[in-house]
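Enquirer: So you can see what is in the structure, the chains are spelled out below.
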Amino acid sequence: MAEMNLAQALNDGLDAALGSDDRVVLLGEDIGRTGGVFRITDGLLEKYGPDRVYDTPVAESGIVGAAFGMAIAGMRPVVEMQFMGFSYPAYDQVINHVARIRNRSNGRFTAPMVIRIPFGGGIGAAEHHSESLEAIYAHIPGVKVVVPSSPYDAKGLLLSAIEDPDPVVFLEPIRSYRAVKEDVPEIYFTVDIGPVRIERDGTDVTLISWGAMMKETRAAATGLEDDGISVEVIDLHTLSPLDSGGIVRSVEKTGRAVVVHEAPRTGGFGGELAAVIQERALYSLLAPVQRVTGPDTIFPLKRSESHYLPSVEKITAAARKTLED
Amino acid sequence: MRTLISPDGTVNDRLPLTLGQMKDLYADMVEARAYDRKSIAMQKQGRLATYAPFEGQEAAQIGAAAALNPDDWVAGTYRDAALMWRAGYSWRNLVAGRTGDERGGHPPEGVNVLPPSITVGGHMIHAVGLSWAEMLNRTGRIALTSFGDGATSEGDFHEAMNIAAVFQTPTVFLCQNNGFAISYPRSEQTRSETIAGKAAAYGMPGVEVDGNDVAAVFVTVTEAVDRARAGGGPTLIEAVTYRIGPHTTSDDPGRYRTEDKTEEWRRRDPLLRVQNLFESAGEWSPEWSEEIERRSVERIEEAVTEAEALPQPTRSEMFHRMYAEITDPLLNQLGEGSDG
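Each protein sequence line maps, in turn, to chains A and B. The end of the first sequence is residue 325 by our numbering, with every number in the run present. The end of the second sequence is residue 1340 by our numbering, with every number in the run present.
Quick caveat, the hints were computed from the structure, so don't treat them as lab data. Among the clues, some could well be false.
To be verified - From the derived model, a few chain B residues whose C-beta atoms are all more than 12 Å from chain A:
{"#": "1", "residue": "1097"}
{"#": "2", "residue": "1136"}
{"#": "3", "residue": "1160"}
{"#": "4", "residue": "1182"}
{"#": "5", "residue": "1259"}
{"#": "6", "residue": "1272"}
{"#": "7", "residue": "1278"}
{"#": "8", "residue": "1282"}
{"#": "9", "residue": "1289"}
{"#": "10", "residue": "1308"}
Unchecked claim - Here are some, though not all, of the chain B residues that point toward chain A, as calculated from beta-carbon distances under 8 Å:
{"#": "11", "residue": "1042"}
{"#": "12", "residue": "1046"}
{"#": "13", "residue": "1128"}
{"#": "14", "residue": "1130"}
{"#": "15", "residue": "1132"}
{"#": "16", "residue": "1159"}
{"#": "17", "residue": "1322"}
{"#": "18", "residue": "1329"}
Positions of the beta carbon are idealized from the N, C-alpha and C atoms, including for glycine.
Next comes chain B alone, as it looks inside the complex (with noise of 0.2 Å):
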């Protein structure tokens, strides 16, 4: 398993990143962070939908997104919040689509991140067929996907990959190892040593990295990116990490695992392990930290005030999104509302 940064901040081999790209880097897991505690909290309050927290996993999300270009396209999931906003999704409609409201779904104009899938694992292809497009038409634009381990057992991560390696397409697939889908355990999803060892059944080079090392997920993921705009065709890469928190909201992790292992994982936290990168270094200074801390809890705090204060949806705006031009029947059963 490749990893740059270990956990206590020291540096294995060499850093093929600036000081300021960590700092960039750090800056947006804290951002992400604070997106990831206002959800819960505002799920609490019954503010937002079910939840699904990805505390734990920032680094493989910001570390991937910051590795494609603007107008990459991006595939993922309900757990992926930091990797589509990193991508370019605003944090506004993110929260919008949490508590409930279709034009969350909508990125802005230029920013290829599809909407989440909420279902597990049939997104994947979705990433291949994109990047075929772009492929046939020369554009240089790639795709990525994520998903996590337990997507790993879906048909649909064999026709996704398979169809990759056999076309070639330009399609990196990053599985977020978080070691459970809801409460079974990554031991039993798989008799595979490694989730990455599976590419080699499909002819694609897989590569085991650090989830919790932003560093190792950006140079393995731009590396993966780098070939396939090249021409050299898709990359499986497995991002080790975990789900400090519960699968989502309405779950209890206690009924399936001992907070030890939590605990020891939160030793192995992202941003903690920067943080002490940075100090073994001599750059930390806890009032810039404060600094990004704070500007993060505004962005997202008005992110929020936004996404609330879009107006109430009306009832024809759901007809009128199924199709191009609405239908007769859909026309029909609108006109048998009350507030057309």
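One chain only, chain A, in its complex shape (with noise of 0.2 Å):
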């Protein structure tokens, strides 16, 4: 064990794969010299050398499609974007082609690759570098989408994503990035893609959130359970495919349920996780449902960021709500 932040479980979970698996292959912008911009990849390509770990070109359809192609041809490439907001031109790579191979090609080729994307606000950065949108990952059939919240979260997951036959969207709350340490075993190790983590568990109320977010809504449930409510706590950890059952059990069982996150309310994430709720678990709801998210407004600038992210005051009212009678 180690006590790492989750760039350094990142880090540690890069240098696994590498270490472990000649296929992977790291591709990005400034992610050799540098070790990337958030220091991801530190390190990595003075120990791999540049046949494993690759400067690219300011290009990220480019990047994509090249991993994509390498994926196909038998590599396990992992390629890091600098900022969600900078993925969007790979975005018609990852939902036209990358997603796409397997069944276009009736299982014959498939693309085994990860594209890590850095996401989230709350670091006062210049605009465009706090996006959250990733909704819009989830909704593409044929890729899986996974958020850690934790460093050994991260490390587990990263390794999963990186041994998983199908391309994984893997974003990493910038925000969380170097917040909180915690003991992540140096030895490989995987976290299962798919199933929701109970954090904390309860029964008046579940919170459901993931990323960067979980910082906001564990400290409201901290609260909520001075005041003696107790509460659930699910990270959901993985956006696609969902674990549709971990969240209907419960709230089967608490009755009440609040989701929380940073991206924009109208077509974010929770309105699915609203809409499994109602479709699977209406019958034992003791209140609606609430979502705690960003406006439908552009992510704001530096001044104005404490206007946007919700607040734990704002997760604990809505707790609260849904236990009023």
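If you follow the hints, you should be able to join the two separate chains into one complex; please do so.
Expert: Structural data, given as structure tokens:
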């Protein structure tokens, strides 16, 4: 075991993947010499050499498209997009090719590859650097979408994603990269893609979130527990394929649910969760499902971030609302 | 522009192919044309979805594919059936794909031909990645990607060309400049004098070849393939040709071009040219020609019969080909259907 923050755990995971599987190669802008804009690939070029870790031209679509070709030809590429806001030029490759080749070729060709995308706000960054549009990836049939919120999960899910026979969009919460440390095994290990993680057992209300918003969600849960409310906390950590059974079982137990995400509300993934809950757990519900989300605005610049991001207070208030008679 | 055989069949300089090789290339072009004609007919009968004819481009496609090894990669488009077939794809699966059956996207094991890209331009970079992997694994395999003149205006063309050149991947870029991107003429598509000339900006060789001369295409692609295999990096080849037919069976070329121009190109027909070559060499035999045509039609009919005899795809197959292992949400949705 070693104490690692989420960024270090990802670096450790990439190191483990490169060390254990010759087919793994890394591609991205500035990931070699500088270790990437967030230093997630720090030291890996030195350790594994320029045939495994590639600094590429500034061409997101080209990077993903080339990695796609490599994956079809038997490699296990892991590409880095610098920020979600810079990943959209590659969206065409993801939705039109990466996600489809298994279907298009009736299973003859597959694209086992990982697209790492740092996402989310709260770091006072420039425009386009705080995007949280995970729903546009979760909406694509044929890819999986994974979002770790803790160092342990980050490493374990990343190694699962690299092993996965299908393409995985791996979303990394920027705000959480260096927020907390926890013990992470230095050995190779995986965390299953799919099943939700029940972080805290409770009986009165279920709080569901993922990525960076888990921080505020956990804090809200702790505050509510102090007031004698028993809170169940779910870290979704896989948006696609969605473990709807795990969500439904929890809501059947608590009868109340609050979904928290920083992405804009309309068309956000919270809507999907609310739909699943009403389809499959309506008669267990004691109150309407609440959504605590970012508003339908452009993610603001630094001075307005606090106006945008869901706060502990808002999550707490939403949970209390479900408990009103 | 490189031409080895003029439209009247005279050989410029020296032909580095044997008569036997020329006969094989001719026979393959005849077979490809039989497929094209059959597909158009089937589309009119409602047996195929929209079809993109390639008449006039047989030399560019057959000549290029003939220059490849059987396990080289090919990433082409919806108009590349002749190229894909000559590279190892089956007519049956090409027909199946056009009848609207995903099983048509499955080439035989060992044949490294991707199912055709329907969106324009996004697939060129795939050939870069495919050949990059082969370069890393030192297999000696290369990748050829085929695209039209219109695709060179896509940003994807730039990214693919640039990345291939930067990493010196063993990639052959084959542009079939057939004069039109649906209705938009090549002259308006780019101010560049030639498409081949764009290669210079990327630091790779660019070659302009007569795309209706199967021998010239074969020789030019062979040179690019050999250079790629030897570690010499990528090449852009512009095969100058002409789309005799419409963009697709839904298109009306009368809206954007005159019949005179098309007639002029008919006189430069790639099959006629080889026929003229054989005639001037005293090697033309109408009986032989009729025989290969008859056999080609037979093979295409057989492929059509097989494709149309494929059992109706089940609903379940649609769900099961999404991931290596079907996911829970898909399993639930599959369960919502009637015939499971």
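Enquirer: If a hint holds in the structure, say so; if it does not, say that too.
Expert: So, going through the hints one by one against the coordinates:
no. : hint : result
1   : 1097 : 9 Å, violated
2   : 1136 : 6 Å, violated
3   : 1160 : 6 Å, violated
4   : 1182 : 19 Å, holds
5   : 1259 : 36 Å, holds
6   : 1272 : 36 Å, holds
7   : 1278 : 39 Å, holds
8   : 1282 : 46 Å, holds
9   : 1289 : 36 Å, holds
10  : 1308 : 17 Å, holds
11  : 1042 : 21 Å, violated
12  : 1046 : 24 Å, violated
13  : 1128 : 5 Å, holds
14  : 1130 : 4 Å, holds
15  : 1132 : 6 Å, holds
16  : 1159 : 3 Å, holds
17  : 1322 : 6 Å, holds
18  : 1329 : 5 Å, holds
In summary, the structure is inconsistent with hints 1, 2, 3, 11, 12 from the numbered list given earlier, while agreeing with the others.
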